[in-house]
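Asks: Sequence:
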Amino acid sequence: MSPKSLPDRVTESRRILEEAATTHDITTGQMVDLQESIEFLRRLETSFPGGRGDD
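Terminal number for the sequence shown in my numbering: 45, no gaps in between.
A hint or two may mislead.
Said to hold, decoys possible - Pairwise CB distance ranges (calculated):
1) Phe38 x Asp15: 32 to 38 Å
2) Asp(-2) x Glu29: 31 to 37 Å
3) Asp(-2) x Thr18: 16 to 22 Å
4) Phe30 x Lys(-6): 33 to 39 Å
5) Asp23 x Asp(-2): 32 to 38 Å
6) Ile16 x Ser(-5): 18 to 24 Å
7) Pro(-7) x Pro39: 34 to 40 Å
8) Thr17 x Lys(-6): 26 to 32 Å
9) Lys(-6) x Thr36: 29 to 35 Å
10) Arg33 x Pro(-7): 19 to 25 Å
11) Pro39 x His14: 35 to 41 Å
12) Ile16 x Phe38: 24 to 30 Å
Said to hold, decoys possible - The calculated lysine to any residue pairs, modelled on SDA-like cross-linking and capped at a C-alpha distance of 25 Å, are:
13) Lys(-6) x Phe38
14) Lys(-6) x Val22
15) Lys(-6) x Gly19
16) Lys(-6) x Leu31
17) Lys(-6) x Arg4
Because the hints were derived from the structure by calculation, they are not lab data.
Since the model is a prediction, treat every value here as computed from it, not as a measurement.
The beta carbon of each residue, even a glycine, is placed where N, CA and C say it ideally should be.
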(Lines of atoms letter the chains of each structure in order from A and count residues from 1; the text may use other names and numbers.)
(Lines give C-alpha, C1' and ligand atoms only; values in the text may rest on other atoms or scores of the structure.)
Protein backbone atom coordinates (compact mmCIF):
# COMPACT_ATOMS: atom_id res chain seq x y z
CA MET A 1 0.00 0.00 0.00
CA SER A 2 1.46 3.36 -0.99
CA PRO A 3 1.54 6.19 1.54
CA LYS A 4 -1.20 8.79 1.29
CA SER A 5 -0.32 12.19 -0.08
CA LEU A 6 -0.34 15.16 2.28
CA PRO A 7 -3.48 16.65 0.67
CA ASP A 8 -5.30 13.33 1.12
CA ARG A 9 -4.16 13.06 4.73
CA VAL A 10 -5.33 16.61 5.45
CA THR A 11 -8.74 15.91 3.91
CA GLU A 12 -9.08 12.67 5.87
CA SER A 13 -8.06 14.41 9.10
CA ARG A 14 -10.64 17.16 8.54
CA ARG A 15 -13.38 14.60 7.99
CA ILE A 16 -12.43 12.72 11.16
CA LEU A 17 -12.54 15.95 13.17
CA GLU A 18 -15.91 16.86 11.66
CA GLU A 19 -17.27 13.46 12.71
CA ALA A 20 -15.87 13.94 16.22
CA ALA A 21 -17.54 17.35 16.41
CA THR A 22 -20.95 15.68 16.10
CA THR A 23 -20.39 13.70 19.31
CA HIS A 24 -22.69 14.96 22.05
CA ASP A 25 -20.50 14.20 25.06
CA ILE A 26 -17.69 16.70 24.50
CA THR A 27 -17.09 19.87 26.45
CA THR A 28 -17.55 23.37 25.06
CA GLY A 29 -13.78 23.86 25.15
CA GLN A 30 -13.23 20.67 23.18
CA MET A 31 -15.83 21.79 20.62
CA VAL A 32 -14.03 25.12 20.18
CA ASP A 33 -10.72 23.30 19.70
CA LEU A 34 -12.30 20.95 17.15
CA GLN A 35 -13.87 23.80 15.19
CA GLU A 36 -10.57 25.70 15.12
CA SER A 37 -8.75 22.59 13.91
CA ILE A 38 -11.36 21.94 11.22
CA GLU A 39 -11.09 25.52 9.97
CA PHE A 40 -7.29 25.30 9.91
CA LEU A 41 -7.45 22.10 7.85
CA ARG A 42 -9.97 23.66 5.44
CA ARG A 43 -7.60 26.59 4.85
CA LEU A 44 -4.69 24.18 4.42
CA GLU A 45 -6.68 22.13 1.89
CA THR A 46 -7.33 25.18 -0.27
CA SER A 47 -3.61 26.02 -0.28
CA PHE A 48 -2.76 22.84 -2.20
CA PRO A 49 -2.48 22.96 -5.99
CA GLY A 50 -5.90 22.41 -7.47
CA GLY A 51 -7.58 24.14 -4.54
CA ARG A 52 -8.75 20.98 -2.82
CA GLY A 53 -11.60 21.88 -0.57
CA ASP A 54 -15.05 20.62 0.21
CA ASP A 55 -15.77 17.91 -2.29
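Asks: Could you run down the list of hints and mark each one as holding or not?
Replies: How the hints compare with the structure:
1. Phe38 x Asp15: 32 to 38 Å: Holds - the Cβ-Cβ distance for Phe38 and Asp15, about 33 Å, lies within 32 to 38 Å.
2. Asp(-2) x Glu29: 31 to 37 Å: The hint (31 to 37 Å, Cβ to Cβ) is violated, given that Asp(-2) and Glu29 are roughly 19 Å apart.
3. Asp(-2) x Thr18: 16 to 22 Å: This hint is violated: roughly 31 Å between Cβ atoms.
4. Phe30 x Lys(-6): 33 to 39 Å: violated (19 Å)
5. Asp23 x Asp(-2): 32 to 38 Å: violated (23 Å)
6. Ile16 x Ser(-5): 18 to 24 Å: For Ile16 and Ser(-5) the Cβ distance comes to about 30 Å; the hint is violated.
7. Pro(-7) x Pro39: 34 to 40 Å: violated (18 Å)
8. Thr17 x Lys(-6): 26 to 32 Å: With a Cβ separation near 31 Å, Thr17 and Lys(-6) satisfy 26 to 32 Å, so the hint holds.
9. Lys(-6) x Thr36: 29 to 35 Å: violated (18 Å)
10. Arg33 x Pro(-7): 19 to 25 Å: Between Arg33 and Pro(-7), where Cβ atoms are some 23 Å apart, the hint holds.
11. Pro39 x His14: 35 to 41 Å: holds (38 Å)
12. Ile16 x Phe38: 24 to 30 Å: holds (29 Å)
13. Lys(-6) x Phe38: Holds: Lys(-6) and Phe38 sit about 15 Å apart, inside 25 Å.
14. Lys(-6) x Val22: violated (28 Å)
15. Lys(-6) x Gly19: violated (31 Å)
16. Lys(-6) x Leu31: Answer holds: Lys(-6) to Leu31 is near 16 Å, not above 25 Å.
17. Lys(-6) x Arg4: holds (15 Å)
Checked against the numbered hints above, the structure breaks hints 2, 3, 4, 5, 6, 7, 9, 14 and 15 and satisfies the rest.
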